[in-house]
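Taking the hints into account, I'd like the entire structure generated from these sequences.
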Amino acid sequence: GAVVSQHPSWVICKSGTSVKIECRSLDFQATTMFWYRQFPKQSLMLMATSNEGSKATYEQGVEKDKFLINHASLTLSTLTVTSAHPEDSSFYICSAKARGMNTEAFFGQGTRLTVV
Amino acid sequence: AQSVTQLGSHVSVSEGALVLLRCNYSSSVPPYLFWYVQYPNQGLQLLLKYTSAATLVKGINGFEAEFKKSETSFHLTKPSAHMRDAAEYFCAVSEGSSSASKIIFGSGTRLSIRP
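Line by line, the protein sequences give chains A and B.
Per this note's numbering, residue 1 is the first one in the first sequence, and the count goes up by one each step.
Per this note's numbering, residue 1 is the first one in the second sequence, and the count goes up by one each step.
Think of the hints as simulated: they come from the structure by calculation, not from any bench.
Predicted, not measured: the structure shown is a model, and the values here were computed from it.
One or more of the hints may lead you astray.
What the hints assert, rightly or not - Within a straight-line C-alpha distance of at most 25 Å, the following computed SDA-like cross-link-like pairs (lysine to any residue) qualify:
1) K102/B with S90/A
2) K41/A with S52/B
3) K102/B with Q6/A
4) K55/A with V37/B
5) K41/A with T5/B
See below:
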């Protein structure tokens with residue numbers, strides 16, 4: 001149980017285009033989802049926290065107009081990187097907390113984004 | 001605000017040797033602490049977590065960690081390393097048990113295993 005699935009696993013896009021990454025909780029209701037960014041050989045940096053049906057809370061320094069987060073249901077959150085540039089290339093990971101299990105978050109397998 | 005510091009970005013041990021990965025935390029309230037493992041190009045897998053119950057926490061794959069409040073530490077150990085343990089390990093902290101409580105990660109420690 002407690003599986004989080006991210007799609008796609010990897011994506012290559014051209015500069016200026018937008019890319020959407022999906023994060024789904026497959027077997028539980030995710031009250032809160034978190035989006036992280038990870039640069040090569042570095043740690044995970046929290047980008048934003050999203051709760052179902054409400055606006056995401058972004059961490060300081062994260063451009064909310066560039067990284068659009070939608071948490072439309074209790075099993076799906078999406079991250080859209082708008083007008084992508086090469087510097088947006090990174091590994092993006094989502095995690096989700098299940099209703100009633102707030103001390104632990106379950107992680108997706110990550111999405112490798114390359115902007116060319 | 002909470003934070004974690006992992007001492008040593010890279011640790012190398014021989015197969016069969018003791019593994020010790022260090023983590024110190026800072027938190028204004030009793031913390032929840034985690035160790036995660038990450039294999040290349042994959043997400044994170046939870047090894048173990050401390051949630052204010054027993055101070056010695058046993059996790060998967062033979063790993064365990066001890067919460068020491070006096071030292072603000074939560075070091076990860078394994079008595080005998082195996083080649084499959086080679087990976088990146090992250091210590092993480094969360095303040096509180098609400099659904100909105102963020103999990104903040106340390107910088108990570110890459111564990112290498114020598115044959």
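Could you tell me which of the hints above the structure violates, numbers in ascending order?
2 and 4
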